[in-house]
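Asks: This is what each chain is made of:
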Amino acid sequence: MPVFTFSIAFIALLAAPALVAIYWLRNQSRERRVSSLLLWLDERQMWEGGRLIHRLQTPLLFFLELLVILLLVTAAAGPMMRAGESGRPLVVVLDDSFSMLAGAGKDNAAGGARDRAIRAIESELKGDRYEPAHFVLAGESPQLLGEAANNADQAVKLLQNWRCGATAAKLEEAISFAFELGGPRARVLVVTDHAPQQDLSDSRLQWWSFGSSQPNFAFVNAARTLRDDEDRVLLEIANLSSAPGSTTLSVESGEPNSPQSSLQFGSLQFGRNPQSITLDAGETRRVLLTLKAGAPALRARLSDDALLVDNEVTLLPESSRNVRVDLRARDVAMRALVEKAVASSPNASLSANKPDLVITDGGDAKIENAEAWTLRIISENDAASFLGPFVIDRSHPLSEGLSLGGVVWGGGKSRQLAGTPVVNAGDVPLLTDVERAGIHELRLRLRPDLSTLQESPNWPILIWNLINWRAQAAPGLRQTNLRLGGDAALTVESGVESVSVVDPRRATRRLPARDKSVLIRADVAGVYEISANQNRYSFAANALRREESDLTRAASGRWGNWANATALQWEYRSVAWALLLLALIALAVHAWLVARRTSR
Amino acid sequence: MNDDYREYLIAGEKAGMRYAVEPPRTASAAPAGLQLGRQAGASLEFRDHRDYQPGDDLRRIDWNAFARSDRLTVKLYREEISPHLDVVLDGSRSMALESTAKARAAIGLAAALAVAAENAGYSHNAWIARAYVEPVANGSNRPALWRSLALDFRGNPAEAFTRTPPEFRRQGMRVLISDLLWLEEPTAVLLSLARGAALLVIAQTLASVDADPPERGRVRLLDSETDERREIFIDDGAISRYRDALARHQQNWHRACRQIGAVMVNVIAEEVVADWNLRVLVDAGVLKV
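Line by line, the protein sequences are chains A and B. 1 is the number of the first residue of the first sequence in this note's numbering; add one for each residue after it. 601 is the number of the first residue of the second sequence in this note's numbering; add one for each residue after it.
Don't take each hint at face value.
From the structure, some residues in chain A lie toward chain B, with a derived Cβ separation under 7 Å [stated by the list, open to error]: (1) Glu31; (2) Val34; (3) Ser36.
If you are wondering where the hints come from, they were derived from the structure by calculation, not from laboratory data. Model, not experiment: these values are computed from the prediction. Ideal placement from N, C-alpha and C gives every residue a C-beta, glycine not left out.
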């Protein structure tokens with residue numbers, strides 16, 4: 001498609017109707033039959049009455065003159081054509097935040113911002129030539145959406161995977177990534193639901209917004225924690241508009257539509273009779289609920305409004321990953337120290353049955369359970385009290401929160417101790433870690449009689465870190481309630497190579513397990529179900545982010561112009577000379593036709 | 601033949617009843633072949649002498665006079681005139697210009713002359729000039745019986761006179777009725793017509809629109825013979841130049857006629873058919889009442 005740099009020149013097209021009028025008027029004359037033209041042959045007085053009027057030839061001359069006018073006007077408008085055959089790369093940055101789903105209700109035939117954006121992108125790709133077209137999802141971090149598309153159909157197919165499941169769209173990062181991806185000739189198109197915060201300085205950048213400012217009630221926070229054998233639920237509901245408004249809140253626990261889905265929470269009765277909530281403009285209301293420990297999933301809903309995805313939250317009970325600790329310490333004092341530290345950890349219990357962690361002070365104690373981790377506490381006779389400085393491997397899970405300043409650590413003096421040092425006193429290792437196929441064996445040099453470590457907070461911290469580390473390595477989900485766009489970390493048992501994930505849309509996909517770990521991106525709000533061999537896990541993803549639920553700043557419009565002078569220099573060339581040449585040729589033909597007619 | 605033309609012939613015949621062809625000079629009412637013309641000719645009646653001029657017939661030199669006066673003189677004899685009229689009608693389409701009385705006047709004039717010839721005791725023959733000068737069927741009978749008159753020739757009838765000169769009656773009177781609107785030199789046509797004629801009369805018959813240009817403004821002129829179109833803007837200047845051109849054209853014909861002793865009259869068709877008064881021919885000495 002040609003681009004015109006001086007479109008106002010098209011005003012000169014008014015010459016075309018003027019030409020038609022000239023032809024029409026000149027052909028309006030009375031016809032008179034005479035005996036002979038003999039006496040009318042005197043043409044000497046050319047500029048006085050009586051000169052011959054040569055009838056304008058139509059249609060050939062007329063069309064030639066019309067063609068010349070069109071060519072000259074088009075040339076004056078500064079036509080620019082794409083240079084070369086290859087298209088220009090295009091990188092489309094897609095706002096992947098869930099606010100792009102606003103307006104996608106059943107009552108809106110035009111669809112939400114995402115639907116309108118897809119239609120606009122399809123139209124752009126069909127109307128102009130881009131090769132290739134890349135798509136970058138702008139979420140918490142930029143992410144490439146599939147392979148590059150070479151035509152509009154491929155692009156539309158790719159865009160079906162644009163789910164708008166992120167709780168934030170970091171567009172600046174995505175734009176930088178897009179420019180790096182596309183190279184210096186690429187155009188970048190940002191598709192979002194709000195206006196740019198500043199003027200677009202780069203002529204290669206266009207910003208299309210498809211949002212609209214609307215009031216919206218939303219859950220902006222939701223949490224469920226197990227405490228004192230009770231599940232405590234926190235819901236925060238915000239009126240994200242500039243005027244007071246009301247919504248209704250319904251809460252259910254258990255399977256949907258089950259008889260027990262109507263529950264009593266304190267003074268509020270939730271269930272089939274939703275409670276009305278009135279909030280001032282911008283007000284946020286907290287709702288605290290208490291459930292029995294292990295109660296099934298809790299679902300809270302607000303009445304439908306502009307953005308549906310933030311009107312519902314599902315909160316699953318936290319997964320309990322209890323660590324069974326087999327304490328085999330023979331030293332009474334040492335055993336008491338360990339027992340006290342283990343008791344302070346919420347996820348641990350002492351048990352010799354299939355222990356996950358064995359803590360022993362026997363240097364060569366044999367561990368029957370191959371999956372169990374081991375902490376060997378070594379009390380050597382040739383020991384010393386180390387005052388520091390202590391060198392701590394801060395990247396190790398055991399070192400989190402340790403602060404050994406002022407601590408006296410008594411232990412063996414030899415520089416030899418198997419494993420990777422975690423804590424050293426100079427060149428003497430005091431705590432080491434040996435890993436074999438994901439099974440850790442830790443060695444701790446400690447002489448309580450020469451130490452103050454066990455009397456400092458560092459001792460329970462160390463044990464808590466160990467138990468927590470072990471718990472995280474146990475099969476199961478790290479979190480059961482996530483924000484939309486987050487990653488659910490699942491640890492699987494040894495031997496599990498892949499897991500099956502059913503997302504809230506009931507779409508199933510298989511994900512490989514690496515190092516007994518699987519990361520599952522929650523890009524759709526709802527409950528995910530995971531199958532890993534015989535084990536079943538579930539987690540919920542909820543659209544919880546005030547900034548994305550706030551639609552008051554949404555807007556529609558287009559900013560930036562690819563066809564400005566800078567961009568044109570990159571790929572367009574003027575074709576005005578060709579049009580002028582054609583006009584000259586047409587004029588020459590016109591002159592020849594007129595001359596031939598005159599000579600006859 | 602066009603029924604209108606029959607009507608024109610009858611009208612002309614009726615008009616011609618009042619007139620008779622006037623002999624070229626005062627002639628006796630002798631039978632055919634005995635009328636004498638005004639010009640010198642080849643009859644046996646001696647008329648006069650004059651000085652020899654190059655080109656004169658050597659047989660006419662008066663050798664006796666040469667012997668007496670040592671001057672070359674030739675003897676002139678009175679011309680012998682045949683009492684016959686050949687009426688030649690221009691058969692081109694311009695003679696039947698639509699919306700004018702041109703055809704009515706031209707055909708009626710031919711018929712009137714034929715009747716006037718009969719009134720003078722002349723025989724007559726009617727001709728029509730198209731690609732050739734052809735005799736009109738029944739052209740020697742009274743005009744109402746003429747047949748196959750057609751004014752639809754698209755060419756130049758002047759060429760017919762020079763290409764194959766017609767067999768007119770020698771020493772007869774000949775009349776050409778035409779608008780003369782062609783580019784040919786008049787002399788060639790007149791010489792062809794005048795060869796062997798006692799008197800040649802050229803009756804230029806124009807419509808009033810031929811004499812006066814059409815109305816002012818933008819006009820698309822259509823040539824009635826060639827259908828050629830020409831866009832022209834007519835104003836006072838154009839009209840003036842048109843009249844000048846017509847006057848020059850007529851002067852050329854008058855000059856040529858004088859040179860060969862022919863008589864030329866100009867008639868306007870609409871004026872002729874208004875009352876069928878042929879005074880212009882009477883004034884020219886062609887007809888008498």
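Asks: Work down the list of hints and note, for each, if the structure agrees.
Replies: Hints, verified against the model:
{"no.": "1", "hint": "Glu31", "in the structure": "holds, 5 Å"}
{"no.": "2", "hint": "Val34", "in the structure": "holds, 5 Å"}
{"no.": "3", "hint": "Ser36", "in the structure": "holds, 4 Å"}
Against the hints set out earlier in the document, no violation occurs for any number.
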